[in-house]
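Colleague: First to last, the protein sequences are chains A and B.
Every letter in the first sequence is one number past the one before it in numbering that gives the first Met the number 0, and letter 175, counting from 1, is 174.
Every letter in the second sequence is one number past the one before it in numbering that gives the first Met the number 0, and letter 477, counting from 1, is 476.
Every clue listed holds true.
A pair counts as met if it fits within one copy or between any two copies, since identical chains are not told apart.
In silico lysine-lysine, PhoX-like type, Cα no more than 25 Å apart, as pairs:
#1 Lys82 x Lys104
#2 Lys251 x Lys341
#3 Lys337 x Lys251
#4 Lys176 x Lys461
Simulated from the structure, these hints should not be mistaken for lab results.
2 protein chains.
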Amino acid sequence: MSDRGVTPMEQDYAAWYTDIVLQAELADYAPVRGCMVIRPYGYALWEAIKDELDRRIKSCGVGGRYHQNAYFPLFIPQSLLQKEAEHVEGFAPECAVVTYGGGKKLEEPLYVRPTSETIMYKMFAKWIQSWRDLPLLLNQWANIVRWELRTRLFLRTLEFLWQEGHTAHATHEEALKECLMILNDVYKDFVENHLAIPVLSGRKSEGQKFAGAVTTYTLEALMQDGRALQMGTSHDLGQNFAHAFGVRFQDKDGNLRYVWQTSWGVSTRLIGAVIMAHSDNKGLVLPPRIAPVKCVIIPIYKSDEKEKVLSAAHKLHSALAERFGQSAVVLDDRDQFKPGWKFAEWELRGVPLRVEIGPRDIEASQFVLVRRDDPSKLKFPQSALTQTVEHHLNAMQNALYERAKRFLNSKTSSADDIHTLGEIVDSQGGFVFAPWCGSVQCENTVQEQTKATVRCIPFDAKEPSPDTKCIACGKPAKWIVPFAKAY
Amino acid sequence: MSDRGVTPMEQDYAAWYTDIVLQAELADYAPVRGCMVIRPYGYALWEAIKDELDRRIKSCGVGGRYHQNAYFPLFIPQSLLQKEAEHVEGFAPECAVVTYGGGKKLEEPLYVRPTSETIMYKMFAKWIQSWRDLPLLLNQWANIVRWELRTRLFLRTLEFLWQEGHTAHATHEEALKECLMILNDVYKDFVENHLAIPVLSGRKSEGQKFAGAVTTYTLEALMQDGRALQMGTSHDLGQNFAHAFGVRFQDKDGNLRYVWQTSWGVSTRLIGAVIMAHSDNKGLVLPPRIAPVKCVIIPIYKSDEKEKVLSAAHKLHSALAERFGQSAVVLDDRDQFKPGWKFAEWELRGVPLRVEIGPRDIEASQFVLVRRDDPSKLKFPQSALTQTVEHHLNAMQNALYERAKRFLNSKTSSADDIHTLGEIVDSQGGFVFAPWCGSVQCENTVQEQTKATVRCIPFDAKEPSPDTKCIACGKPAKWIVPFAKAY
Numbered sequence: 000m001s002d003r004g005v006t007p008m009e010q011d012y013a014a015w016y017t018d019i020v021l022q023a024e025l026a027d028y029a030p031v032r033g034c035m036v037i038r039p040y041g042y043a044l045w046e047a048i049k050d051e052l053d054r055r056i057k058s059c060g061v062g063g064r065y066h067q068n069a070y071f072p073l074f075i076p077q078s079l080l081q082k083e084a085e086h087v088e089g090f091a092p093e094c095a096v097v098t099y100g101g102g103k104k105l106e107e108p109l110y111v112r113p114t115s116e117t118i119m120y121k122m123f124a125k126w127i128q129s130w131r132d133l134p135l136l137l138n139q140w141a142n143i144v145r146w147e148l149r150t151r152l153f154l155r156t157l158e159f160l161w162q163e164g165h166t167a168h169a170t171h172e173e174a175l176k177e178c179l180m181i182l183n184d185v186y187k188d189f190v191e192n193h194l195a196i197p198v199l200s201g202r203k204s205e206g207q208k209f210a211g212a213v214t215t216y217t218l219e220a221l222m223q224d225g226r227a228l229q230m231g232t233s234h235d236l237g238q239n240f241a242h243a244f245g246v247r248f249q250d251k252d253g254n255l256r257y258v259w260q261t262s263w264g265v266s267t268r269l270i271g272a273v274i275m276a277h278s279d280n281k282g283l284v285l286p287p288r289i290a291p292v293k294c295v296i297i298p299i300y301k302s303d304e305k306e307k308v309l310s311a312a313h314k315l316h317s318a319l320a321e322r323f324g325q326s327a328v329v330l331d332d333r334d335q336f337k338p339g340w341k342f343a344e345w346e347l348r349g350v351p352l353r354v355e356i357g358p359r360d361i362e363a364s365q366f367v368l369v370r371r372d373d374p375s376k377l378k379f380p381q382s383a384l385t386q387t388v389e390h391h392l393n394a395m396q397n398a399l400y401e402r403a404k405r406f407l408n409s410k411t412s413s414a415d416d417i418h419t420l421g422e423i424v425d426s427q428g429g430f431v432f433a434p435w436c437g438s439v440q441c442e443n444t445v446q447e448q449t450k451a452t453v454r455c456i457p458f459d460a461k462e463p464s465p466d467t468k469c470i471a472c473g474k475p476a477k478w479i480v481p482f483a484k485a486y
Numbered sequence: 000m001s002d003r004g005v006t007p008m009e010q011d012y013a014a015w016y017t018d019i020v021l022q023a024e025l026a027d028y029a030p031v032r033g034c035m036v037i038r039p040y041g042y043a044l045w046e047a048i049k050d051e052l053d054r055r056i057k058s059c060g061v062g063g064r065y066h067q068n069a070y071f072p073l074f075i076p077q078s079l080l081q082k083e084a085e086h087v088e089g090f091a092p093e094c095a096v097v098t099y100g101g102g103k104k105l106e107e108p109l110y111v112r113p114t115s116e117t118i119m120y121k122m123f124a125k126w127i128q129s130w131r132d133l134p135l136l137l138n139q140w141a142n143i144v145r146w147e148l149r150t151r152l153f154l155r156t157l158e159f160l161w162q163e164g165h166t167a168h169a170t171h172e173e174a175l176k177e178c179l180m181i182l183n184d185v186y187k188d189f190v191e192n193h194l195a196i197p198v199l200s201g202r203k204s205e206g207q208k209f210a211g212a213v214t215t216y217t218l219e220a221l222m223q224d225g226r227a228l229q230m231g232t233s234h235d236l237g238q239n240f241a242h243a244f245g246v247r248f249q250d251k252d253g254n255l256r257y258v259w260q261t262s263w264g265v266s267t268r269l270i271g272a273v274i275m276a277h278s279d280n281k282g283l284v285l286p287p288r289i290a291p292v293k294c295v296i297i298p299i300y301k302s303d304e305k306e307k308v309l310s311a312a313h314k315l316h317s318a319l320a321e322r323f324g325q326s327a328v329v330l331d332d333r334d335q336f337k338p339g340w341k342f343a344e345w346e347l348r349g350v351p352l353r354v355e356i357g358p359r360d361i362e363a364s365q366f367v368l369v370r371r372d373d374p375s376k377l378k379f380p381q382s383a384l385t386q387t388v389e390h391h392l393n394a395m396q397n398a399l400y401e402r403a404k405r406f407l408n409s410k411t412s413s414a415d416d417i418h419t420l421g422e423i424v425d426s427q428g429g430f431v432f433a434p435w436c437g438s439v440q441c442e443n444t445v446q447e448q449t450k451a452t453v454r455c456i457p458f459d460a461k462e463p464s465p466d467t468k469c470i471a472c473g474k475p476a477k478w479i480v481p482f483a484k485a486y
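Looking at chain A on its own, in the form it has when it is part of the complex (with noise of 0.2 Å):
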């Protein structure tokens, strides 16, 4: 256990952050520059989160195929990173490049994967023939590397871990239809209800989409210091690099067409969010259908007591552990600290619901709960045990979603002029939303000016009435959208 006193948030919102990944033991920094060690806790989060998504993502699919999992290697030969124009100048700029091996100087350099577009696609064009090859449905999860100059703690780290799926298809409503499932039904879907976390969705704009796309879709969510985070993006590829890749199949009628693509992912930096929508200056706030542990037991007594009270309290552990799993409830009997020093500890790492037991509760066949969220002691019969532990779970799942849900309509606001949104952002933060011409020089104004950008084009976008001008050039707008500083 490592010292404990995290800085408030209202203090210091990095500090605060920083400190909870660190005291809560979730992640470490490594003798690597940028680069961080997730430590058990951690891993056991991403753990919870990725098995559900890699369920969900198995268990659906387009063209009566399912998604299924495979894996590319992690280095990828200069030239083949560069056949797709765009793509290569969005990435290649901050890639780790191995130009040794074995000893020897390399002929060509190999890029460590910043994503596996050019390295998948290359194998599509030798697997993909006929139209009886498609839709390939293919998700990675997997390791990359992205050489970032400014690296926080699981929100930007020089190595981090995603899932990556890349897809292809016979037409271009297939491909799209696979790329917004994935988008609502899996990532959005996800998000809000196992890591609570409600978001705005919709497309990026044209200056902050994905380095080879058509079209990138995104879920941007807000944290609690009013600053707004990417979750997950979808890309529409078009027909991008099954041009650069040759990545061609036979109709039904013998002719020879290029697929269509989609590429998605979401990867560790959704640990960053859950700590940063949640948490507070106790610690760590987990939602309990991701958290590892679910709920733990401290027992309280004076020492002539200590036998009956474990006694008892390990009762409660069998019954819980039986229903929960053995890993998802802990009994803190540990003797050399205090109940009240174990609150806070298990308060610090998350921890969504605390049962007590001492001997008066025994007594009185009771045991009293906590849930980390609200900090009222209530006392339930021991007959009732695990109905009221899943209840509390449940509600509490559903509370930490509601507030933060709240928390984002309080923070939505509207500006008609760059002046306003300029003193929106900088004193209360959040989503406002600003009519806007569409155009990549206006947004460029905007974010120099109050450091805001478009975070999307909502799929429900208002239609602004025709005198609606745009905040940067005074134009008519095309749409009104939400700008927010952003992670």
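Dock chain B against chain A, hints included.
Modeller: For chain B alone, coordinates are given in the frame of chain A:
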């Protein structure tokens, strides 16, 4: 589906192996030298292996604790890799080295991890302070790069996937217990009961041990060409790395002591072992417990019976899918292929059981069952469908192990002189037990003259009689050990 026609193993064992890997679509050559793409069917096999091993690793431990997963960086700074002398000597020459990042030459080159002792133990030194922090029992699932010159799909590739366990203990006794528990209770049990491959176990000779270890323990299996394959290793690292990285703890009496460490791993090489241990000239043969598809249903009909037969086949599929899982049972209702073609296709892919159903079977309320390891067509009443399939999955699992065990025994022999050993190794291969004095020099002599190496010093190695002579030097033998040509 690729062109079929597996080279007979008697004709060219290496071509037979590669044909199976490529044609069963387990893996493909990547557009990077020495690397492979693990295709969905091969990756599903890896997931079956990984899921079961992960469950086993997490559910055991020593000192009252269980193993936990974590994740450490891909890149190791040169200075860190150099801290343990033997280790750097063993691994540095086969590393891939990153010298550029973000467009700039790096001040210190980064090695792509060939194994993670150094980067992990630097963190262990930070995390471990007191005896209360011990034992530390970590495991990592990761990709590894070793610059191999002669590569072969799954068996030896430039990049591969593995798990690596790394633990630290207060005593050598506990570390040794951990090291052998992993070898025997986790690896050996898994390899024999899930992969159906019998193994010899013991410790490696001085010349073959892991760079930096005090003792390396190993499992050695025999492939159908008579060559041995190392299946997994578990290393007693003693205090070598603890001294190099300063991993110390304060014991209960307040004294600073160095920890005792272990590391252990198995890799995607296990897939190569499964292929080479069980498959035949029709293609892959998979042990039922790790087969991604356990049963395929082939409907057999003429055009006017199609509807009736497909309806019956769907009923069988529902019942089996409910019992064994949706993805474990496939109904091959493709119209464009004849039943015979489908039989060959699913045999090539190693699916353990085939269920056939045609009009006459429907009338007789029966189905036909064919096991991948036995061409007999067996008939059973449909009312006994799930029990029959379950019974034959278990029976085939046991039969594969027994067959492999008989093969191992039939290829186990002994020799009293180097000439006889060389003749046996050349003619029938297998494990040839011979007396050895224990010196590295004599092991090298035998390897130069016969290409065979000491696979292990078995735990149950026979004490030779005092007049038994080493086959290389003629001095008194220390052990009778199995020599073999190995992958």
